[in-house]
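Participant: Below, each chain spelled out in residue letters.
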Amino acid sequence: GENVEQHPSTLSVQEGDSAVIKCTYSDSASNYFPWYKQELGKGPQLIIDIRSNVGEKKDQRIAVTLNKTAKHFSLHITETQPEDSAVYFCAARFNGLTFGKGTHLIIQP
Amino acid sequence: SAVISQKPSRDICQRGTSLTIQCQVDSQVTMMFWYRQQPGQSLTLIATANQGSEATYESGFVIDKFPISRPNLTFSTLTVSNMSPEDSSIYLCSAKTENYEQYFGPGTRLTVT
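These protein sequence lines map, in sequence, to chains A and B. Under the working numbering, the residue at position 85 of the first sequence is numbered 65, and the numbers go up by one with no gaps. Counting the second sequence from 1 gives a position; the working numbering is that position plus 114.
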């Protein structure tokens, strides 16, 4: 089955700086790669996704890149703000979603 | 998109009892799922809720322990049966839309004493 590795487990950045979270997947048949933001006490919120026929997608301060050959994808957050502090999960899907272990993003004021 | 609600939001239950969690989606979706999330950890798929037929369970999860119903396209229930403290967790309902996006409910925080 699919295996998703996510790094780093914790990321601390200064407010205004950029943050990058990286994931790798094992099943080359996976074709959908969403990213979720989870705040304390809440369910995961879909923030951006990318499909296998696209290399990059951007939505305001958030962007995701996909390298199918290397089987890795990354989340980029620019101009970070305190409200970006949360746990971020990547996932990969062929049939069902397989999640990474999460990254705790801390924005230092 | 899809907005998902769950009831109850949290509960404290006694060992040996059962709890049924309800999930309602505000629009028709192609697939519904149930996940479990231990505090501070990632999400684990319990089962896919199939409309009008038996759910499809992942390895390590069985129907007798986690019976699931999905009577229509927008509603599902998950029962946690004969609970033990090890069942204390957050249970999340999820739904996949026609455009392939997958959304999650707010979760049900279960504590078994």
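It is worth saying that the hints were derived from the structure and are not from the lab. Quantities reported herein were computed from a predicted structural model and do not represent experimental measurements. Worth double-checking, as some hints may not be accurate.
[To be verified] Chain A residues, not near chain B, derived (Cβ > 10 Å throughout):
hint: 1; residue: Thr4
hint: 2; residue: Gln25
hint: 3; residue: Glu63
[Claimed, not checked] List time: in silico BS3-like cross-link candidates among lysine-lysine, alpha-carbon distance up to 30 Å:
hint: 4; chain 1: B; residue 1: Lys210; chain 2: A; residue 2: Lys22
hint: 5; chain 1: A; residue 1: Lys48; chain 2: A; residue 2: Lys2
hint: 6; chain 1: A; residue 1: Lys22; chain 2: A; residue 2: Lys38
hint: 7; chain 1: A; residue 1: Lys81; chain 2: A; residue 2: Lys48
hint: 8; chain 1: B; residue 1: Lys179; chain 2: A; residue 2: Lys51
hint: 9; chain 1: A; residue 1: Lys81; chain 2: A; residue 2: Lys38
hint: 10; chain 1: A; residue 1: Lys51; chain 2: B; residue 2: Lys121
hint: 11; chain 1: A; residue 1: Lys22; chain 2: A; residue 2: Lys81
hint: 12; chain 1: B; residue 1: Lys121; chain 2: A; residue 2: Lys81
hint: 13; chain 1: A; residue 1: Lys48; chain 2: A; residue 2: Lys38
hint: 14; chain 1: B; residue 1: Lys121; chain 2: A; residue 2: Lys37
hint: 15; chain 1: B; residue 1: Lys210; chain 2: A; residue 2: Lys2
hint: 16; chain 1: A; residue 1: Lys37; chain 2: B; residue 2: Lys179
hint: 17; chain 1: B; residue 1: Lys179; chain 2: A; residue 2: Lys38
hint: 18; chain 1: A; residue 1: Lys51; chain 2: A; residue 2: Lys37
hint: 19; chain 1: B; residue 1: Lys121; chain 2: A; residue 2: Lys38
hint: 20; chain 1: A; residue 1: Lys48; chain 2: B; residue 2: Lys121
hint: 21; chain 1: A; residue 1: Lys48; chain 2: A; residue 2: Lys37
hint: 22; chain 1: A; residue 1: Lys51; chain 2: A; residue 2: Lys81
hint: 23; chain 1: A; residue 1: Lys22; chain 2: B; residue 2: Lys121
All C-beta atoms, glycine included, are put in the ideal place defined by N, C-alpha and C.
Participant: Look at each hint and say if it fits the structure.
Facilitator: Going down the list of hints, with the structure as the test:
{"no.": "1", "hint": "Thr4", "in the structure": "holds (15 Å)"}
{"no.": "2", "hint": "Gln25", "in the structure": "violated (8 Å)"}
{"no.": "3", "hint": "Glu63", "in the structure": "holds (18 Å)"}
{"no.": "4", "hint": "Lys210(B) <-> Lys22(A)", "in the structure": "holds (19 Å)"}
{"no.": "5", "hint": "Lys48(A) <-> Lys2(A)", "in the structure": "holds (14 Å)"}
{"no.": "6", "hint": "Lys22(A) <-> Lys38(A)", "in the structure": "holds (25 Å)"}
{"no.": "7", "hint": "Lys81(A) <-> Lys48(A)", "in the structure": "holds (21 Å)"}
{"no.": "8", "hint": "Lys179(B) <-> Lys51(A)", "in the structure": "violated (36 Å)"}
{"no.": "9", "hint": "Lys81(A) <-> Lys38(A)", "in the structure": "holds (23 Å)"}
{"no.": "10", "hint": "Lys51(A) <-> Lys121(B)", "in the structure": "violated (38 Å)"}
{"no.": "11", "hint": "Lys22(A) <-> Lys81(A)", "in the structure": "holds (17 Å)"}
{"no.": "12", "hint": "Lys121(B) <-> Lys81(A)", "in the structure": "holds (26 Å)"}
{"no.": "13", "hint": "Lys48(A) <-> Lys38(A)", "in the structure": "holds (18 Å)"}
{"no.": "14", "hint": "Lys121(B) <-> Lys37(A)", "in the structure": "violated (35 Å)"}
{"no.": "15", "hint": "Lys210(B) <-> Lys2(A)", "in the structure": "holds (24 Å)"}
{"no.": "16", "hint": "Lys37(A) <-> Lys179(B)", "in the structure": "violated (41 Å)"}
{"no.": "17", "hint": "Lys179(B) <-> Lys38(A)", "in the structure": "violated (42 Å)"}
{"no.": "18", "hint": "Lys51(A) <-> Lys37(A)", "in the structure": "holds (16 Å)"}
{"no.": "19", "hint": "Lys121(B) <-> Lys38(A)", "in the structure": "violated (35 Å)"}
{"no.": "20", "hint": "Lys48(A) <-> Lys121(B)", "in the structure": "violated (39 Å)"}
{"no.": "21", "hint": "Lys48(A) <-> Lys37(A)", "in the structure": "holds (14 Å)"}
{"no.": "22", "hint": "Lys51(A) <-> Lys81(A)", "in the structure": "holds (17 Å)"}
{"no.": "23", "hint": "Lys22(A) <-> Lys121(B)", "in the structure": "holds (14 Å)"}
In this structure, the hints that do not hold are numbers 2, 8, 10, 14, 16, 17, 19, 20, in rising order.
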